[in-house]
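Enquirer: Throw the hints in and build the complete structure from the sequences for me.
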Amino acid sequence: MLEIKNVVKTYNKTKRANDNITLSIEKGDLFGFVGHNGAGKTTLLKAIAGIIDFDSGEILVDGYSVKKDPLLVKERIAYIPDNPDIYESLSGIEYLNFIGDVFKVPSLERKSMIEAYAKKFELDQVLNHPISSYSHGMKQKLVIISALIHKPKLLLLDEPFVGLDPKAAFLLKEEFKSLCEAGSSIFFSTHVLEVVEKLCNKVAIIKQGKIVAGGYTQDIIKDQTLEHLFMEIASEA
Amino acid sequence: MYLKLVSVFFKENFSLKRLFGFDLKKNKTKTILIGFAIIYALSAYMFGFGYMFFDLAKIMNEANQVQVILSFSVTYVIGLSVMMTLFRASGYLFHYKDYDILAPLPIPDFVVLLGKITVMLLMIYITSFFFVLPIAFAYFFFQGVSFLGLLYFLLGFLLTPLIPLVVLAFVSLGLDYITKKLPFAKILNIILLFAIFLGIFALSFTFNDTEVNPLTGQIDMVKGLSDVYPLIGWYIDAVHELNHLHMLYYLLVSLGTFGLFILVVNRVIRKTNQSKNKGYISKKTKVNYDSKGLVFTMVIKEIKKYFSIPIYAVNTGLGPVILIVIGVASFFFKNDIQSFLSQMMEVDLPLEPLLLILFGFSIVMTYTPAVSLSLEGKNFWILKSLPIEPRTIMISKIIFNLVLIIPIGLISLLMLGINLSLEPLSVLVMMFDVIGLAILSSLVNAYLNLYMPKFDFQNEVEVVKQSIASFVGVFGGFALIVTFGFVYYFLSKALSMQATLFIIGTIMVLLSGLLYVYLKPISEKQFRSF
Numbered sequence: 001m002l003e004i005k006n007v008v009k010t011y012n013k014t015k016r017a018n019d020n021i022t023l024s025i026e027k028g029d030l031f032g033f034v035g036h037n038g039a040g041k042t043t044l045l046k047a048i049a050g051i052i053d054f055d056s057g058e059i060l061v062d063g064y065s066v067k068k069d070p071l072l073v074k075e076r077i078a079y080i081p082d083n084p085d086i087y088e089s090l091s092g093i094e095y096l097n098f099i100g101d102v103f104k105v106p107s108l109e110r111k112s113m114i115e116a117y118a119k120k121f122e123l124d125q126v127l128n129h130p131i132s133s134y135s136h137g138m139k140q141k142l143v144i145i146s147a148l149i150h151k152p153k154l155l156l157l158d159e160p161f162v163g164l165d166p167k168a169a170f171l172l173k174e175e176f177k178s179l180c181e182a183g184s185s186i187f188f189s190t191h192v193l194e195v196v197e198k199l200c201n202k203v204a205i206i207k208q209g210k211i212v213a214g215g216y217t218q219d220i221i222k223d224q225t226l227e228h229l230f231m232e233i234a235s236e237a
Numbered sequence: 001m002y003l004k005l006v007s008v009f010f011k012e013n014f015s016l017k018r019l020f021g022f023d024l025k026k027n028k029t030k031t032i033l034i035g036f037a038i039i040y041a042l043s044a045y046m047f048g049f050g051y052m053f054f055d056l057a058k059i060m061n062e063a064n065q066v067q068v069i070l071s072f073s074v075t076y077v078i079g080l081s082v083m084m085t086l087f088r089a090s091g092y093l094f095h096y097k098d099y100d101i102l103a104p105l106p107i108p109d110f111v112v113l114l115g116k117i118t119v120m121l122l123m124i125y126i127t128s129f130f131f132v133l134p135i136a137f138a139y140f141f142f143q144g145v146s147f148l149g150l151l152y153f154l155l156g157f158l159l160t161p162l163i164p165l166v167v168l169a170f171v172s173l174g175l176d177y178i179t180k181k182l183p184f185a186k187i188l189n190i191i192l193l194f195a196i197f198l199g200i201f202a203l204s205f206t207f208n209d210t211e212v213n214p215l216t217g218q219i220d221m222v223k224g225l226s227d228v229y230p231l232i233g234w235y236i237d238a239v240h241e242l243n244h245l246h247m248l249y250y251l252l253v254s255l256g257t258f259g260l261f262i263l264v265v266n267r268v269i270r271k272t273n274q275s276k277n278k279g280y281i282s283k284k285t286k287v288n289y290d291s292k293g294l295v296f297t298m299v300i301k302e303i304k305k306y307f308s309i310p311i312y313a314v315n316t317g318l319g320p321v322i323l324i325v326i327g328v329a330s331f332f333f334k335n336d337i338q339s340f341l342s343q344m345m346e347v348d349l350p351l352e353p354l355l356l357i358l359f360g361f362s363i364v365m366t367y368t369p370a371v372s373l374s375l376e377g378k379n380f381w382i383l384k385s386l387p388i389e390p391r392t393i394m395i396s397k398i399i400f401n402l403v404l405i406i407p408i409g410l411i412s413l414l415m416l417g418i419n420l421s422l423e424p425l426s427v428l429v430m431m432f433d434v435i436g437l438a439i440l441s442s443l444v445n446a447y448l449n450l451y452m453p454k455f456d457f458q459n460e461v462e463v464v465k466q467s468i469a470s471f472v473g474v475f476g477g478f479a480l481i482v483t484f485g486f487v488y489y490f491l492s493k494a495l496s497m498q499a500t501l502f503i504i505g506t507i508m509v510l511l512s513g514l515l516y517v518y519l520k521p522i523s524e525k526q527f528r529s530f
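Just so you know, the sequences run in chain order A and B.
Okay, so the first sequence: first residue is 1 according to the working numbering, each after it adds one.
Okay, so the second sequence: first residue is 1 according to the working numbering, each after it adds one.
Keep in mind that a hint or two might mislead.
[Stated by the list, open to error] Not everything, but these chain B residues come out facing chain A in the computed CB check (under 7 Å):
| hint | residue |
| --- | --- |
| 1 | 291 |
| 2 | 305 |
| 3 | 308 |
| 4 | 385 |
| 5 | 528 |
[Said to hold, decoys possible] With a straight-line cut-off of 25 Å between C-alpha atoms, the simulated PhoX-like cross-links for lysine-lysine are:
| hint | chain 1 | residue 1 | chain 2 | residue 2 |
| --- | --- | --- | --- | --- |
| 6 | B | 304 | B | 25 |
| 7 | A | 120 | B | 284 |
| 8 | A | 5 | B | 284 |
| 9 | B | 292 | A | 139 |
| 10 | A | 111 | B | 292 |
| 11 | B | 292 | A | 151 |
| 12 | B | 525 | A | 119 |
| 13 | B | 304 | B | 58 |
| 14 | B | 180 | A | 139 |
| 15 | B | 525 | A | 13 |
| 16 | A | 111 | B | 304 |
[Stated by the list, open to error] Not everything, but these chain A residues come out facing chain B in the computed CB check (under 7 Å):
| hint | residue |
| --- | --- |
| 17 | 68 |
| 18 | 81 |
| 19 | 107 |
| 20 | 129 |
Since the hints were derived computationally from the structure, they do not count as laboratory data.
Here a beta-carbon is modelled for each residue, glycine too, at the ideal position from N, C-alpha and C.
Expert: As structure tokens, this is what we get:
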């Protein structure tokens with residue numbers, strides 16, 4: 001579903017945020033992406049989503065190149081950033097309808113999806129309210145719903161659990177599982193290592209722009225915890 | 001601590017990177033080009049504005065009334081203080097975005113307030129300086145320079161914005177308080193701001209039939225303001241006659257009012273910043289799930305954004321408002337319109353091209369495509385991650401601008417055509433020109449925003465009024481009109497007026513077609529670089 005081959009992204013011509021990254025995510029994979037602050041996680045997620053350009057290498061989503069066929073890639077993905085900066089001049093439902101219109105989700109299907117997800121994430125009573133009146137967590141939930149209503153084949157999430165209440169975090173994890181069972185793939189970055197350990201079948205650790213460990217979660221952590229492994233890698237020069 | 005705060009706030013607002021939207025050191029060619037454009041614009045402005053005042057000062061000096069020039073200086077500073085406080089006070093004093101960062105710090109509230117007000121004042125001083133400098137030059141050239149006169153002039157310059165700032169800060173807070181609980185609070189706010197500006201606009205165009213210098217028409221207005229605001233009189237007496245007592249009055253009243261304001265407003269500001277400014281929340285329970293076409297939904301998004309940012313609507317919506325006003329005015333002042341336009345533009349032309357000049361200025365002042373991409377700001381990730389072609393994004397922004405100006409322009413033109421008994425063919429050709437210029441200037445502005453975006457801002461005013469794209473957009477638009485003015489001048493010597501206007505419209509449409517063809521590759525290239 002997602003092929004990342006030798007991707008290099010440099011900032012200011014000197015700092016390599018992504019240094020020759022190669023990763024592969026299969027259909028149905030729930031892939032955790034961990035690393036310290038500034039390691040290059042957000043840069044890679046943004047490069048996959050077509051938000052930033054990368055210097056060299058190749059990113060393929062469902063066989064389509066991010067560089068050559070960006071629209072075909074974007075039709076297949078949903079991206080959720082670490083900070084839910086969304087149009088404050090719109091109401092919740094206006095934003096969801098906007099996303100629905102972009103992805104051409106038919107009205108009936110849209111209605112049933114929005115109703116179900118809004119009820120699940122407890123936004124059903126505030127859909128007509130302006131987004132400017134939402135809390136950080138509510139905005140985060142709205143972005144999550146907007147990502148789910150068009151049934152993406154690949155879901156990219158940057159720190160998705162930040163700002164969510166425990167119930168919403170639980171619901172999101174359940175949603176992750178059912179999406180992967182239905183054939184979608186999920187690639188998300190997080191600092192919550194326990195979540196990766198319990199939830200993800202695959203994991204990659206990034207350090208100073210390079211993938212230093214990657215593969216099936218069980219093969220990577222073996223008989224220790226992900227936290228121990230991460231600390232070990234972090235302390236290596 | 002106060003100086004440290006001022007320095008931080010100042011950097012936040014005035015760093016060159018923030019003002020220009022890019023790092024000057026890393027974009028040398030762009031910096032040089034923009035530098036030249038700014039120098040050219042400033043020189044042209046200083047020469048034009050300076051010449052008018054020099055000329056006026058000469059006339060007034062001959063009549064032994066050179067001190068009248070000083071009242072212009074005060075009036076302009078007051079006008080700018082009024083406008084800037086009205087737009088800035090809410091976001092700068094009563095609901096500032098860094099309150100959550102500053103409030104927990106061990107800094108007394110009034111020091112933070114002083115820091116905020118100081119930066120607001122600095123903005124007023126910097127902007128006013130460009131108006132006051134040519135006036136000061138004209139005044140002291142004819143009056144002669146004395147140390148005390150210059151000192152009082154400078155002191156007066158620094159004191160003048162204080163009282164308007166105090167009054168307008170409360171007006172701004174009042175407007176916010178009255179309108180925020182209403183369903184269409186922002187639109188109401190925009191209407192009130194337009195009402196205020198149209199009032200100022202109407203006053204500033206009080207023309208005198210017999211005079212050549214347009215400033216002479218403003219003398220009565222300036223004198224009228226002196227009558228209702230005695231501080232102007234004290235200021236003139238202090239600078240012109242070196243009246244120390246009146247300088248003392250001016251100093252005490254200005255500083256006293258300002259000091260009282262600091263004391264009173266300190267508590268108010270604490271309260272307003274603590275209260276969440278949520279505004280009106282709809283009680284509607286029925287949710288609409290209707291689907292719409294992509295471009296339609298994008299244009300609706302633009303409309304919603306437009307009316308949610310009063311400063312955006314007021315600054316870019318003046319053109320359509322002027323066109324409505326002149327269209328309606330044609331029902332009542334049929335005979336006065338041509339002489340009014342001739343005097344205002346100081347050119348001797350038939351009514352049709354005169355009207356088109358006015359329409360042209362109104363169209364180029366509607367410059368939303370020059371700023372709307374920048375205004376995506378922190379939300380830009382949404383458009384970049386969605387399957388929408390960059391060209392479609394830009395076209396939706398252009399269509400929004402056309403929706404804003406074309407229907408109103410055509411209706412206004414129709415009203416003028418009927419009321420001023422213009423030939424139907426002339427009205428049709430003029431409509432063609434209006435549509436051509438609206439499309440051309442919208443496309444040019446879209447290109448400007450693609451090449452000079454400014455996504456990093458704290459307040460929309462930085463994009464709408466202070467970005468390079470907005471500056472070049474408006475002044476480039478004026479240059480476009482002047483260029484077509486020359487085309488008219490030469491072609492009309494050989495062709496009829498209607499044929500000339502038709503050719504001008506055709507040139508605009510052809511240029512627009514060329515820009516439209518290149519919009520796809522250029523927007524894709526630029527989007528990749530953002």
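Enquirer: Failing hints, ascending?
Expert: 6, 8, 12, 13 and 17
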